[in-house]
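Participant: If you read the sequences in order, they're chains A and B.
Read in the working numbering, the first sequence has 18 at position 18, and its numbers run on one by one without any break.
Read in the working numbering, the second sequence has 240 at position 240, and its numbers run on one by one without any break.
Just so you know, the hints here were simulated from the structure itself, not pulled from any lab data.
Nothing here was measured: the structure is a model prediction, and the numbers come from that model.
Just so you know, not all the hints are guaranteed correct.
Simulated restraints on C-beta separations [said to hold, decoys possible]: (1) Gly-264/B / Ala-222/A: 38 to 48 Å; (2) Lys-132/B / Asp-46/A: 29 to 39 Å; (3) Ala-399/B / Met-324/A: 27 to 37 Å; (4) Gly-264/B / Leu-240/A: 35 to 45 Å; (5) Asp-182/B / Thr-51/A: 47 to 57 Å; (6) Asp-306/B / Phe-147/A: 47 to 57 Å.
Among the chain A residues that face chain B by a calculated CB cut under 7 Å, a handful are [claimed, not checked]: (7) Thr-41; (8) Asn-43; (9) Ala-158.
From the three backbone atoms N, C-alpha and C, an ideal C-beta is built for every residue, glycine too.
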Amino acid sequence: MRRALNFRTIAPYALLAPGMLWLAVFYVYPAIQMFLVSLWTGNINDGFHQTWNWAIYPQAIQEYWPWIARSIVYGGLATILAFCLGFPLAYAIAFRGGAYKNLLLFMVIAPFFTSFLLRTISWKIILSDNGLVLGPLKTLGVIPADFQLLATPAAIIAGITYNFLPFMTLPLYVALEKIDRRLIEAAQDLYAGPWRPRGTFVGLLLGGLLGATIGVVMGYGALPLGIPGLVGGGLIGTFLISEALIKIVIPLALPGIFAGSLLTFIPAMGDYINAELLGNPQSLMIGNVIQARYLKVTDYPTASALSFILMAAILIGVILYARMLGTEELT
Amino acid sequence: MSAHTSEPMSALTSNLTRRHFLQGSAMAGFATFLAACGTPGTGGSAAPSAGASDGSAATAGPSASGATGGSGATELRFANWIGYIDIADDGTYPTIKKFEAESGVKVTYLESINANDEFFASNLSAPLTAGKPTDWDLVVMTDWMIGRLIRLGWLEAIDKTNTPNFVANLGPNYVGRSFDPDTKFAAPWQSGMTGLAFDQKVTGALTSLGILYTDQYKGKVTYLSEMRDAVGLTALDLGTDPATITAPQFEAALAAVGTAIKAGIVRQMTGNSYVEMMASGDVVLAMGWSGDVLGLLVPDQTASQDFQWALAQEGGMLWTDNMAIPLGSPNKVAAEKWIDFYYEPVNAATIEAYVNYVCPVVGAKEVMLETNPELANNPLIFPPADWIARLHQFRATTAEEETAWDEAFTKIMGL
C-alpha cells in the first residue's frame with residue numbers, strides 16, 4: 001500500500017534543507033574548487049593547468065610539516081591553558097554566580113564586541129617591552145632589562161588563549177549549569193571528600209608536565225616553568241580538587257569539555273593573526289604559510305593543498321579525540 | 001616596491017592615509033579564502049579557477065577581440081588605495097568633483113586597494129585570465145605589480161594623444177623605467193622612499209645602512225616584509241645597485257637579510273607597523289618609508305624630535321604607485337582624461353597637499369610654493385637633486401625571477 005506523503009514525513013527534510021543548502025553553496029562547492037586547485041601545476045605567468053598532481057600532497061607535507069607541527073603545539077597548548085582558565089571560571093559562574101550569572105556571562109562575551117584584530121593589537125600594547133606588564137617587573141628587577149614577551153612564542157600562545165577563551169568557557173558553563181546539585185550532595189553524603197592523596201600526585205604530574213612543555217616550547221627550558229607548574233599543580237590537586245569533582249562533575253561536564261576544546265583548538269590551529277602580530281620569523285604558523293603561498297608567491301596549488309592537509313589533520317585529531325572521550329554515549 | 005603589506009596595527013591610528021590604513025591581514029586572509037574557494041558573487045572569485053582548469057590558455061589573457069578596449073568617455077571606475085586623494089570633511093573628493101565638472105565624466109572612486117597581491121588575487125586575475133574585462137577602468141598599483149601586469153599583457157596602452165599633460169609634465173626620473181621603458185602603460189601617481197627610520201634619542205643621528213646588520217640594537221630592529229625594499233636596501237649596503245641587480249648579487253643580499261633574521265637582530269618583518277612599535281619603544285631602528293615619518297610618526301617633524309627618517313649615504317629605494325588601465329576597460333578614454341587631468345600641476349598640487357608622498361608631476365612644486373611653501377620645500381615630498389641621485393628603483397624582474405625571488409624571500413622570512 002502506498003504511504004501518503006504527509007507533513008510528518010516531509011518536515012525533517014524541510015527543516016534540514018536551508019542548512020544543507022547553505023553548506024552546499026558555501027562549504028562543499030568551495031571545498032571542491034579548492035581541492036581541484038590543489039592538483040594544478042603551473043605558475044601565474046604561464047598559467048595553471050589541471051594535471052591531477054597528487055604528488056603535491058606528500059611534497060607539501062614534507063616541506064611544511066614543521067609549521068603544521070608548530071601549529072598543533074601552539075593550538076594545543078592554548079587549548080589546555082584556555083581549559084585551565086575557563087573551567088574554574090565556568091564553574092564559579094554556574095555554581096556560585098547566583099543573581100550575577102547573566103552579568104558574569106555577559107562579561108565573558110564582552111570582548112567579542114571588539115574586533116578580533118583590535119584585541120590582538122592591544123596585546124602588543126600590554127606586553128610591550130616596557131609596557132604595563134614588563135615595565136614594572138623590570139623596574140623591580142624581577143626580570144632582566146632585555147627580557148621581551150612580544151615577538152616570542154609565549155606571546156602567540158597567550159594571545160590565542162585569550163582570543164578563544166570564551167569559546168571554551170561558554171560550552172563548559174552550559175554543561176556545568178545542567179548538573180543536578182543533588183548528585184554532588186549525594187556524593188558528599190557517601191563520603192566523597194577531598195581527593196587526597198591521589199589529587200596531589202595527579203596535580204604534581206599534570207602541573208609539572210604542562211609547565212615544562214610550555215617552558216620548552218617558549219624557549220625558556222623545562223625547569224623555569226616546570227617547577228612553578230609542579231608546585232601549582234600539587235597545591236591545586238591537594239586543596240582544591242574534591243572526589244565529587246572528579247567522580248561527578250567532570251564526567252557530567254564531558255560534553256562541554258569536548259565541545260569547548262574543539263571550538264578552541266580548531267580555530268586556534270588555523271589562526272595566523274596572532275602569529276603575525278605577536279610572533280617573530282621563527283614562530284610563524286601554518287596559516288601564515290598558506291597566506292604567503294597564496295598572496296606573496298601566487299602558488300595557489302600548494303596553498304590549497306596545505307589548506308586541505310590542515311583540514312585533514314584537524315579531522316583526524318577530532319575523530320581520535322571523540323573516540324577517546326567516547327562522546328557517543330554522552331550526546 | 002610596495003610598501004603595502006598587511007598591516008593591521010595601523011588601525012589604531014586615527015590618521016588613516018594610504019599606507020596607514022588597516023590593510024588587514026584579516027581582510028587579505030578573507031579575500032584569500034574567498035578567492036581560494038571561488039565563492040561566486042564576491043568579485044573575488046577563484047583567481048586561477050576561471051578558465052585555467054580546463055587547460056585553456058591562462059597565459060594568453062583576454063584576446064584582442066574579447067577585450068573591447070572601449071572608447072567610452074562618460075564613466076570612470078577608479079580603484080585606489082585608502083587616503084590617497086584629497087577628501088573633504090563631508091567625505092567627498094573635491095578634485096574628483098572638479099574633474100567631473102570639467103570633463104562630464106561620471107567617476108566612481110572607490111578605495112578598494114589594500115595590498116597589491118590581494119587586489120591582484122581578488123579583482124584582476126580571475127576576469128583577465130578568463131579574457132573578460134575587470135570591474136575597473138583605472139587602478140593604482142606599485143611598480144612590480146605593474147611589471148607583472150605588463151608581462152601578462154593585462155594592461156591597455158595609454159594613448160598619448162589624449163594625455164598631453166602627462167607627456168609634458170612627467171618627472172624626468174620616471175622616464176624609461178625598466179618595467180615600462182616607453183612609459184606606455186603606467187602613469188605614476190605617488191612615490192615614496194625607503195631608508196632608515198630611527199629613534200634619535202636612543203641611536204643618535206644615523207646616516208649609514210650598516211647599522212641595520214650589526215647586533216647593536218639586537219631584537220629592536222625591524223626590516224620591511226616587502227622583498228624589493230628589504231633586499232634592495234641590503235643590496236645598497238653591499239654596494240650593489242638594485243636597478244641592475246644580478247642573480248648572484250640578489251643571493252648575497254638575501255643571505256645578509258637571512259643572517260640578520262637568524263641572529264635575532266630582526267625582531268619582526270613588518271609593513272608599516274614598525275611605526276607603532278617605535279612609538280612604544282619596542283623598536284628603535286627600522287627599514288622605513290619616508291611617508292610614514294611625514295604622515296604618522298611625528299607630524300610637523302623638526303630636527304630635534306625623536307623619530308627620524310634618513311636617506312642613507314649608500315642610497316635608498318624609490319618605489320612608485322602607478323595609474324594603469326586594465327585590459328578591456330570600456331572607458332579607456334575617460335581613464336586617459338583623468339590621467340591628463342592629474343598631470344595638470346594645479347590638480348596634482350591639490351592632491352599632494354593632502355597626500356604628502358613624493359609627487360611625480362613637474363610644475364606641482366611651483367604651484368605649491370604659492371599655496372603651501374612649507375610643504376613645497378619639504379625634501380620628503382619634493383626630493384632635491386642630490387637625493388634623487390641617491391635613490392634607486394628595483395629593476396624589473398623576469399617572470400622566473402619574480403617567482404623564484406619571492407619564494408626565496410618568503411622562506412627567509414620564516415614562511
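Participant: Determine for every hint whether it applies to the structure shown.
Facilitator: Tested hints:
no.: 1; hint: Gly-264/B / Ala-222/A: 38 to 48 Å; result: violated (22 Å)
no.: 2; hint: Lys-132/B / Asp-46/A: 29 to 39 Å; result: violated (20 Å)
no.: 3; hint: Ala-399/B / Met-324/A: 27 to 37 Å; result: violated (50 Å)
no.: 4; hint: Gly-264/B / Leu-240/A: 35 to 45 Å; result: holds (40 Å)
no.: 5; hint: Asp-182/B / Thr-51/A: 47 to 57 Å; result: violated (38 Å)
no.: 6; hint: Asp-306/B / Phe-147/A: 47 to 57 Å; result: violated (23 Å)
no.: 7; hint: Thr-41; result: violated (11 Å)
no.: 8; hint: Asn-43; result: holds (6 Å)
no.: 9; hint: Ala-158; result: violated (16 Å)
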